[in-house]
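Protein chains: 2
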Amino acid sequence: MTDLSSVLSRADQNLDASVERLFELVRIKSISTDPAFKAYCREAAEWLATDLKALGFEASVRDTTGHPMVVGHHPGPSPDAPHVLFYGHYDVQPVDPIELWEDGPFDPRIKDLGNGRKIITGRGSSDDKGQLLTFVEACRAYKDVHGKLPVRVTVLFEGEEESGSPSLKPFLEANAAELKADCALVCDTGMWDADTPAITASLRGLVGEEIIVTAANRDLHSGMYGGAAANPIQILSKVLAGLHDETGRVTVEGFYDGVEETPANIKAAWESLTAGRNDFLGEVGLSELAGERDRSLLELLWARPTCEINGISGGYAGQGFKTVIASKASAKVSFRLVGNQDPEKIRENFRAYVTSKIPADCSVEFLQHGGSPAIQLAYDSPVLTKAKDALSDEWPKPALVIGIGGSIPIVGDFQNMLGMESLLVGFGLSDDRVHSPNEKYDLKSFHKGIRSWARIMAALAG
Amino acid sequence: MTDLSSVLSRADQNLDASVERLFELVRIKSISTDPAFKAYCREAAEWLATDLKALGFEASVRDTTGHPMVVGHHPGPSPDAPHVLFYGHYDVQPVDPIELWEDGPFDPRIKDLGNGRKIITGRGSSDDKGQLLTFVEACRAYKDVHGKLPVRVTVLFEGEEESGSPSLKPFLEANAAELKADCALVCDTGMWDADTPAITASLRGLVGEEIIVTAANRDLHSGMYGGAAANPIQILSKVLAGLHDETGRVTVEGFYDGVEETPANIKAAWESLTAGRNDFLGEVGLSELAGERDRSLLELLWARPTCEINGISGGYAGQGFKTVIASKASAKVSFRLVGNQDPEKIRENFRAYVTSKIPADCSVEFLQHGGSPAIQLAYDSPVLTKAKDALSDEWPKPALVIGIGGSIPIVGDFQNMLGMESLLVGFGLSDDRVHSPNEKYDLKSFHKGIRSWARIMAALAG
Numbered sequence: 001m002t003d004l005s006s007v008l009s010r011a012d013q014n015l016d017a018s019v020e021r022l023f024e025l026v027r028i029k030s031i032s033t034d035p036a037f038k039a040y041c042r043e044a045a046e047w048l049a050t051d052l053k054a055l056g057f058e059a060s061v062r063d064t065t066g067h068p069m070v071v072g073h074h075p076g077p078s079p080d081a082p083h084v085l086f087y088g089h090y091d092v093q094p095v096d097p098i099e100l101w102e103d104g105p106f107d108p109r110i111k112d113l114g115n116g117r118k119i120i121t122g123r124g125s126s127d128d129k130g131q132l133l134t135f136v137e138a139c140r141a142y143k144d145v146h147g148k149l150p151v152r153v154t155v156l157f158e159g160e161e162e163s164g165s166p167s168l169k170p171f172l173e174a175n176a177a178e179l180k181a182d183c184a185l186v187c188d189t190g191m192w193d194a195d196t197p198a199i200t201a202s203l204r205g206l207v208g209e210e211i212i213v214t215a216a217n218r219d220l221h222s223g224m225y226g227g228a229a230a231n232p233i234q235i236l237s238k239v240l241a242g243l244h245d246e247t248g249r250v251t252v253e254g255f256y257d258g259v260e261e262t263p264a265n266i267k268a269a270w271e272s273l274t275a276g277r278n279d280f281l282g283e284v285g286l287s288e289l290a291g292e293r294d295r296s297l298l299e300l301l302w303a304r305p306t307c308e309i310n311g312i313s314g315g316y317a318g319q320g321f322k323t324v325i326a327s328k329a330s331a332k333v334s335f336r337l338v339g340n341q342d343p344e345k346i347r348e349n350f351r352a353y354v355t356s357k358i359p360a361d362c363s364v365e366f367l368q369h370g371g372s373p374a375i376q377l378a379y380d381s382p383v384l385t386k387a388k389d390a391l392s393d394e395w396p397k398p399a400l401v402i403g404i405g406g407s408i409p410i411v412g413d414f415q416n417m418l419g420m421e422s423l424l425v426g427f428g429l430s431d432d433r434v435h436s437p438n439e440k441y442d443l444k445s446f447h448k449g450i451r452s453w454a455r456i457m458a459a460l461a462g
Numbered sequence: 001m002t003d004l005s006s007v008l009s010r011a012d013q014n015l016d017a018s019v020e021r022l023f024e025l026v027r028i029k030s031i032s033t034d035p036a037f038k039a040y041c042r043e044a045a046e047w048l049a050t051d052l053k054a055l056g057f058e059a060s061v062r063d064t065t066g067h068p069m070v071v072g073h074h075p076g077p078s079p080d081a082p083h084v085l086f087y088g089h090y091d092v093q094p095v096d097p098i099e100l101w102e103d104g105p106f107d108p109r110i111k112d113l114g115n116g117r118k119i120i121t122g123r124g125s126s127d128d129k130g131q132l133l134t135f136v137e138a139c140r141a142y143k144d145v146h147g148k149l150p151v152r153v154t155v156l157f158e159g160e161e162e163s164g165s166p167s168l169k170p171f172l173e174a175n176a177a178e179l180k181a182d183c184a185l186v187c188d189t190g191m192w193d194a195d196t197p198a199i200t201a202s203l204r205g206l207v208g209e210e211i212i213v214t215a216a217n218r219d220l221h222s223g224m225y226g227g228a229a230a231n232p233i234q235i236l237s238k239v240l241a242g243l244h245d246e247t248g249r250v251t252v253e254g255f256y257d258g259v260e261e262t263p264a265n266i267k268a269a270w271e272s273l274t275a276g277r278n279d280f281l282g283e284v285g286l287s288e289l290a291g292e293r294d295r296s297l298l299e300l301l302w303a304r305p306t307c308e309i310n311g312i313s314g315g316y317a318g319q320g321f322k323t324v325i326a327s328k329a330s331a332k333v334s335f336r337l338v339g340n341q342d343p344e345k346i347r348e349n350f351r352a353y354v355t356s357k358i359p360a361d362c363s364v365e366f367l368q369h370g371g372s373p374a375i376q377l378a379y380d381s382p383v384l385t386k387a388k389d390a391l392s393d394e395w396p397k398p399a400l401v402i403g404i405g406g407s408i409p410i411v412g413d414f415q416n417m418l419g420m421e422s423l424l425v426g427f428g429l430s431d432d433r434v435h436s437p438n439e440k441y442d443l444k445s446f447h448k449g450i451r452s453w454a455r456i457m458a459a460l461a462g
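As they're listed, the protein sequences go chains V and E.
For the first sequence, this note's numbering gives the first residue as 1, with consecutive numbering after it.
For the second sequence, this note's numbering gives the first residue as 1, with consecutive numbering after it.
Calculated directly from the structure, the hints in this document are not laboratory data.
All the given hints hold, so there is nothing to weed out.
Identical copies look the same in the list; a pair holds intra-copy or inter-copy alike.
Each computed DSSO-like pair below joins lysine-lysine, with the alpha-carbon atoms no more than 30 Å apart:
#, residue 1, residue 2
1, Lys38, Lys322
2, Lys148, Lys53
3, Lys180, Lys169
4, Lys169, Lys322
5, Lys111, Lys444
6, Lys322, Lys345
7, Lys238, Lys345
8, Lys357, Lys328
9, Lys397, Lys386
10, Lys238, Lys322
11, Lys238, Lys328
12, Lys53, Lys143
13, Lys148, Lys180
14, Lys357, Lys322
15, Lys238, Lys357
Put together the whole structure using the sequences plus the hints.
Structural data, given as structure tokens:
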């Protein structure tokens, strides 16, 4: 504990210099999607490699067919110490519309909001330069005090996260042995609120399917054929309407295989949190929970699988009216998965269900649009438990274990390609305006984020 | 009977001259939709008025804002004799693609198909110049033999039927007293087959509705919101799927009010005819009757109401996939009506049904697309009975009473604006290629059509 206390004090003392280093990094216009900014991306990568080397990392800029990766290794206290892979990205989103920025997107500064909050402004101040430097600065405080880190650390900084990560999978594949660690630490998520840190333990998976129902071999006049000829839109409507029962559960056979109930304590925590998200639906003009009955908002979004119809078309959809019976109708359907649901099994059972609803003289074609399983960090995993305690020690309120309704591809890639779980911890706030004008990062997020990583590293070492 | 026999003989003797008059009329390029042919339309109208005058009609070409009408009156045997209004149209469809015509579309001729069939070729030979002249030539035969017609006759020849009849309703309204008769005779339909004449006694009505379901006030990401936010495509699917029960009946409240069972003898006749339409579905790639169970094909098409979904759209329908929950989804729905179904009552009950299925935080908007009741000539109407017997006397097989699944606007207009039922009798065959290259009319259709109208006039006089 004394060890950690002095590291935390050192982080406090370093803060002004830490902010100055973040300013330096934000000033580099590393917009990955615009070729005009290619050199800035490399500059950011070089800056990071140089900084890592100064901290004792064996670090290098590694070329890809796109923007380079930065990889660094720090030996830690011993060869058999726990080993973590820290992931972040140095590239940023474009700044348009530039006229909406109150300050220059690449001219970062500290602004005092006058309500006790100070913020760091600039593109990437939060996403993800500020977030990734919380870890680097935590390493620095450790190094400053103890001359070494409490765990073995590999860092991987990507420069293409904001433009689809085209080089990531090939890079992981080519460097799997070098990058594999006991677990990954990913700092690209947010807090629950300004006082409450959060660990994201679950990400939903996805199965996408397109179905095309064909009835007659041409469009028919509904006066001549209506009442006798099959109508593919009507068939499709029955198919889609049958995907949920009256309680909102998905009816596809075996759909809930691999779905476990969320532990009671987590569920209870989410139920109490739901009150704090009253406006979640209100902000988009809704007020009633759709989906499965008797589940809280957060359980529905984070821990329950869904079936959604993402698009539908058939027949005449222009202005006015046409008394046509279409030849074809189609829909795009996706399933969000949780736990151990098997994407391919679900795809197969969905297709069997749809096929069973198609009249003998009609046909159905399926197009596959992606499939990936859910990510679920075990709620009793030691890494999660240690990180949760460490975060709870740092912040005013205990850390929450939350989920994300969508997916973060890197987490699946670490799982599938490196066989490694990810601990998702970040200090962004919902008002950080990431991807928008006037992006900011709270100074407190940055400062206590640094202290949080110091605590987590200490906990993982123990 | 002797009277009628001599008229029929006269029609036989006149046939060559009758065909020559049809050739004259077909040679006039009265394409109504193309302004370049405006003068030909007037020429056709003048030709008809002149011919009617020669038959003792008080006839005139009547201007409209579009192509002119031709109206003629013949006094009949006495002022209190039965009075019929005969309707036909002298305008024709364009001839494109001209290169597919074996003979010139405006260069009519008689061709011997070598299997006992002779045909009259040319645009309008069937639709509707040949058909309308069957009546005119029947009048001529009567006039030739008896110097007068057996009933009072008003004729109305329109020049805009192939281009939406924009002038018809104003003309009927302005001349209602002049045009009103005991019933209308409309010659723009077909035979059941080459040996079997048909009277069309029912036309289905139509109610069109567009429904637009709105959930959130913007499109949502299905990862962030899926499982908690209402999905308008899912809501719409449930609405549409609920429109039919498992037996194919429409579930809208009161939908079958005003629908009467078709008389057993008519139903039995249709059931035996259904066998002759085995290919009806096969020709469009289908093989199973959709719609209400335990009804024959022809009953479904002619005498049962339907609900069809004519179009649907919502969310992402382009290439690939987008994990979106749409803000809106919409569908176009139409109902075909029979008997005394009330279009506005059905619209109201449909809207109430849809509204009842919309969650409290979502909304639905309705757009109205037309509404017209069905047309049903009473199966025991004296006009129908007399015409049926007259046709049965002329042709190898007894006349059938059939229906049409769609609507013919003129029939509704006569009903609504002039309070007059229509007897739909025509001699077209399914291989006449109306609206297509190589339109033809069987010489037998023309010849026996003339004789048929002579018989029908005689029967109506009795």
